[in-house]
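K.L.:
Per our numbering, the very first residue in the sequence shown carries number 7; after that it's consecutive.
Hints are computed from structural coordinates only; laboratory data are not their basis. Small disclaimer: the values here were computed from a predicted structure and weren't measured. Virtual Cβ for every residue (Gly too), placed ideally from N, Cα, C. All the pointers check out, no bait thrown in.
If you anchor each label on the Cβ, the simulated ranges turn out as follows:
1) 205 x 154: 29 to 37 Å
2) 229 x 64: 34 to 42 Å
3) 144 x 114: 29 to 37 Å
4) 72 x 114: 17 to 25 Å
5) 248 x 143: 21 to 29 Å
6) 169 x 60: 35 to 43 Å
7) 229 x 157: 27 to 35 Å
8) 169 x 206: 21 to 29 Å
9) 205 x 40: 33 to 41 Å
10) 240 x 127: 17 to 25 Å
11) 156 x 248: 16 to 24 Å
12) 157 x 231: 32 to 40 Å
13) 59 x 98: 25 to 33 Å
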Amino acid sequence: MIEASSSTARLAVVISHWTGHRRALLAKLLASMRRHDPRAPCSLCIVVNGGDIAPLKAADIATPGGVQPVILNRANHGYNIGAWEAGWRAMPGHDAYLFMQSECFIRRSGWADAFAWRLANDPGVGVLGEAVMWDRMSWDYVKLATARDLGGHWAAPGTNPIDFYREELARRGIPEGAEATHVQSLVLAVRGTLLERMGGLPVGETYQEAVAAEVAISRQAEALGFRVARVASTPFRFIGHRQWTPMHQAAMRWRNHARPYLAPLKGALKALAGHR
7 MIEASSSTAR
17 LAVVISHWTG
27 HRRALLAKLL
37 ASMRRHDPRA
47 PCSLCIVVNG
57 GDIAPLKAAD
67 IATPGGVQPV
77 ILNRANHGYN
87 IGAWEAGWRA
97 MPGHDAYLFM
107 QSECFIRRSG
117 WADAFAWRLA
127 NDPGVGVLGE
137 AVMWDRMSWD
147 YVKLATARDL
157 GGHWAAPGTN
167 PIDFYREELA
177 RRGIPEGAEA
187 THVQSLVLAV
197 RGTLLERMGG
207 LPVGETYQEA
217 VAAEVAISRQ
227 AEALGFRVAR
237 VASTPFRFIG
247 HRQWTPMHQA
257 AMRWRNHARP
267 YLAPLKGALK
277 ALAGHR
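My request is simple: use the sequences and hints to build the entire structure.
P.N.:
Here it is as structure tokens:
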């Protein structure tokens, strides 16, 4: 069950929501939490990026079991990981923290228990998620694969984003390791003791820094002697994400395939507009 306080719950669920997204997304996530029994006691915290301007109130939402969650309305800073960093610090004393975005949805009952039980019975695991990126891939391979997949089309011309992520790890003093394996920051469970040892979650100011922070969480966990893993043998078994549905992924594959062909067309259209 979802609890109003952390008196007996050892797992805290921390949801990040940005006011630039429709509040209906958060409502749908909470509705799915009501439909599917967590099968483990857990506290609830909702962190609203942009809530300093458009605050969320308890009366605005229907929560599982009708409990009053901790709601943090804050400035829009640090993306989802910045919100999670604020959330876990507002919910001290838990054994683990299950972070998720408001674009997530619960797929089946036992979702909270799956994370809590795995962490309780697999002591070497420090970070759990629903999806793992670049699993056991070397940094050099990931760089080559990224260049192939994106076709050289990224924000800073002449640079590969993988170089930036590695530079960010070095700047933070986090060993990159031989492999780039990391848990995606869509759904992320982290031990409370590990968060303490890490000094909290890394927070990025820009989008690129936020992506680098996602990588940094897993790399720092492994540097501290913990493993990172997917909670189940298949991705998105218990908690899904709207950007990772089959339909959305098909659209993303089409966009990546079409990007090299669309770039010259966009340039021609800009040139044409300049002659008008």
